[in-house]
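Given the sequences, and given the hints that come with them, work out the whole structure.
Each chain is listed here by its residues.
2 protein chains.
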Amino acid sequence: MSSNPVLVEAWRGGVVESRHRGACAVVDAQGRVLWSVGDIDHPVFPRSAVKLLQALPLVASGAADAFHLDDAALALACASHGGEEAHVRTARSVLQRAGLDEGALECGTHWPYFEPAARALAAAGRQPCPLHNNCSGKHAGFLCLGAHLAGGREPRGFVAGYVRRGHPLMREVEHALQTATGWDLATAPCGTDGCSIPTHAIPLRHLALAFARAGTGVGLPPELARAAQRLRAAIARHPFLVAGSERMDTQLMQALGERLCCKVGAEGMYCAALPEAGLGVALKIDDGAARAAEAALAALAQALLPLDDAAAAAVGDWNPRRLINWQGLEVGALRATEALRPADAAARRTPGSLPG
Amino acid sequence: MSSNPVLVEAWRGGVVESRHRGACAVVDAQGRVLWSVGDIDHPVFPRSAVKLLQALPLVASGAADAFHLDDAALALACASHGGEEAHVRTARSVLQRAGLDEGALECGTHWPYFEPAARALAAAGRQPCPLHNNCSGKHAGFLCLGAHLAGGREPRGFVAGYVRRGHPLMREVEHALQTATGWDLATAPCGTDGCSIPTHAIPLRHLALAFARAGTGVGLPPELARAAQRLRAAIARHPFLVAGSERMDTQLMQALGERLCCKVGAEGMYCAALPEAGLGVALKIDDGAARAAEAALAALAQALLPLDDAAAAAVGDWNPRRLINWQGLEVGALRATEALRPADAAARRTPGSLPG
Numbered sequence: 001m002s003s004n005p006v007l008v009e010a011w012r013g014g015v016v017e018s019r020h021r022g023a024c025a026v027v028d029a030q031g032r033v034l035w036s037v038g039d040i041d042h043p044v045f046p047r048s049a050v051k052l053l054q055a056l057p058l059v060a061s062g063a064a065d066a067f068h069l070d071d072a073a074l075a076l077a078c079a080s081h082g083g084e085e086a087h088v089r090t091a092r093s094v095l096q097r098a099g100l101d102e103g104a105l106e107c108g109t110h111w112p113y114f115e116p117a118a119r120a121l122a123a124a125g126r127q128p129c130p131l132h133n134n135c136s137g138k139h140a141g142f143l144c145l146g147a148h149l150a151g152g153r154e155p156r157g158f159v160a161g162y163v164r165r166g167h168p169l170m171r172e173v174e175h176a177l178q179t180a181t182g183w184d185l186a187t188a189p190c191g192t193d194g195c196s197i198p199t200h201a202i203p204l205r206h207l208a209l210a211f212a213r214a215g216t217g218v219g220l221p222p223e224l225a226r227a228a229q230r231l232r233a234a235i236a237r238h239p240f241l242v243a244g245s246e247r248m249d250t251q252l253m254q255a256l257g258e259r260l261c262c263k264v265g266a267e268g269m270y271c272a273a274l275p276e277a278g279l280g281v282a283l284k285i286d287d288g289a290a291r292a293a294e295a296a297l298a299a300l301a302q303a304l305l306p307l308d309d310a311a312a313a314a315v316g317d318w319n320p321r322r323l324i325n326w327q328g329l330e331v332g333a334l335r336a337t338e339a340l341r342p343a344d345a346a347a348r349r350t351p352g353s354l355p356g
Numbered sequence: 001m002s003s004n005p006v007l008v009e010a011w012r013g014g015v016v017e018s019r020h021r022g023a024c025a026v027v028d029a030q031g032r033v034l035w036s037v038g039d040i041d042h043p044v045f046p047r048s049a050v051k052l053l054q055a056l057p058l059v060a061s062g063a064a065d066a067f068h069l070d071d072a073a074l075a076l077a078c079a080s081h082g083g084e085e086a087h088v089r090t091a092r093s094v095l096q097r098a099g100l101d102e103g104a105l106e107c108g109t110h111w112p113y114f115e116p117a118a119r120a121l122a123a124a125g126r127q128p129c130p131l132h133n134n135c136s137g138k139h140a141g142f143l144c145l146g147a148h149l150a151g152g153r154e155p156r157g158f159v160a161g162y163v164r165r166g167h168p169l170m171r172e173v174e175h176a177l178q179t180a181t182g183w184d185l186a187t188a189p190c191g192t193d194g195c196s197i198p199t200h201a202i203p204l205r206h207l208a209l210a211f212a213r214a215g216t217g218v219g220l221p222p223e224l225a226r227a228a229q230r231l232r233a234a235i236a237r238h239p240f241l242v243a244g245s246e247r248m249d250t251q252l253m254q255a256l257g258e259r260l261c262c263k264v265g266a267e268g269m270y271c272a273a274l275p276e277a278g279l280g281v282a283l284k285i286d287d288g289a290a291r292a293a294e295a296a297l298a299a300l301a302q303a304l305l306p307l308d309d310a311a312a313a314a315v316g317d318w319n320p321r322r323l324i325n326w327q328g329l330e331v332g333a334l335r336a337t338e339a340l341r342p343a344d345a346a347a348r349r350t351p352g353s354l355p356g
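The listed protein sequences derive, respectively, from chains Y and C. According to the numbering used here, the first sequence is numbered sequentially starting from 1. According to the numbering used here, the second sequence is numbered sequentially starting from 1.
Since the hints were made in silico from the structure, they are not lab data. The structure displayed is predicted, hence computed values, not measured ones. Heads up, the beta-carbon is just placed ideally off N, CA and C, and yes, glycines get one too.
Ranges of calculated distance between the beta carbons of each label pair, as one might list FRET restraints:
| id | chain 1 | residue 1 | chain 2 | residue 2 | range |
| --- | --- | --- | --- | --- | --- |
| 1 | Y | 309 | C | 245 | 41 to 49 Å |
| 2 | C | 103 | Y | 164 | 53 to 61 Å |
| 3 | Y | 324 | C | 154 | 30 to 38 Å |
Chain C regions said to be covered by chain Y (calculated; three or more residues, Cβ under 8 Å):
| id | stretch |
| --- | --- |
| 4 | 96-109 |
| 5 | 193-207 |
What the simulated footprint calls covered on chain Y by chain C, stretch by stretch (three residues with Cβ under 8 Å from a Cβ of chain C suffice, anywhere in the stretch; the number is not a length):
| id | stretch |
| --- | --- |
| 6 | 17-25 |
| 7 | 104-115 |
| 8 | 122-134 |
| 9 | 193-205 |
| 10 | 286-293 |
| 11 | 321-327 |
Below is the structure:
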């Protein structure tokens, strides 16, 4: 495999201390690559960056309406959350609406990712449960879909083993992902994600296409286009539920609303829809570093979206990102490189003016 | 800067998900490079990987004897610890011996790195203090050195601001580092470390040389050679104090004793002395990932040291490292690549038989 360019550098003492290589695709809903860097045709595991796409069947199937899921529930279905109180409460409520409880979750248990939430739990003498898993909202959404698909059958029995590839529920999720990305998942490498569901290797070009489609509705079947629009609106109304305290996804979408629908994934993944520009973005940092994926996505938002002062400040917190040590001293910065600058060329144009 | 080779890969679903590039030097005490990969002449910040070298003046100056520091105190002076109870207790005791307390520490405060220790602290309704900082043992050692250098002066006044470059205490530390590495620190790029002391950029070739010297005593002034021997013995007796629960440094040295003296550093650094082979090792992962630095160091230990079954099992836990998800499923592995295999060629030979 060829070497991707350095997209993000960590600076200290006036020199580069560490460097992150990667690739990125900026694509419109017709599949035209408006800008790219690195190898965008090598399939990568999108991990949690495609939760919005995985949540499409929840809405498109009618399950969300059948169980009266509100915007908070839909936002949490697209979340990698910090296990904070609002996340846990919302996940529990979603399960209750489907007549289920946390015992049905097959995502596993971990302490809340947001450390103050983990310490608060410990201080209360409590232990984490599957509701604290960062993926509990996505799984609660899956279970609502499953309970809906079960029809008259007992839902708990029907959903058992839902994380397995081939389960009727997971087939629906896989079908939506394949439709949105236009990538044949039947033959794609398939791994097991941290929360035990399958993750399929898909090129960045096709992931970006899927987010351009999800951001515009263009190129999607009508029911998926409507579902994407509803999920994006729900996320824009509840950006805290998608991630949480001190998280970039939350802070950027608090500042930008529906102008940016972005989602981090494990191992250096980021996907985003930029509806007003008609664009989708997908990037992967080769080494899997979240800090670099964040700085890179922030750089692309800076390049691709006109930002007022407040929005520029919110995005600017993440690129360049100041590195502060334990005494509060500023000791360096994490900074996107020139390799991410050509995105400026694609910026602030209307999609129609871009080359085909 | 040219592209270093991929040293470690993260596998999932039968394919490589993420890759870590880096460089590594294996050097003897005469400065002969017995094996290397990547650019070993580019200066890198060693960060905490050189704590053993930074602790040399504590012993060589006579401060350790003057304050009756035992092996536990000396091991902790070389530690990046997890903030567990034994670490905190030992750090406090070291400061007391010098007539100081945690108020003199200028390393800053953070919650214990070992998460169960952080949660236990929170469960007890307590907050962290500078003693929980992973560098508190190193700083406690610095302060003993400072109190010794103060002579008749009031130690607290003398040591104030000790983390600054140019402070008499830090000048002693810098001098030892320069002597061991043979690298001119006066002109080297200098950054500020997480714990606020200076970190000087030094090529891997010279860092490996310093550890070959520290492991053999060859090429060091007698007082530094003796100090290195004493610190290595102390670390071998107290490997828990150098790192802590679930940490590679602790587990490898519990298994190997004085045969391996290794130390992780932030941003993908590792240094190690292999006294029986007469070798020093230094490596940096370009992107700063600790997980990859660990797998790479484990691969080098596998290549460079004859291991019995128990030792092979302990080292083998770290390369290949099994990746387990939140449901306990094995979903992949972190594995050193062929690029680290040629180290086999340098392995299991006596130093004298190696080419100059």
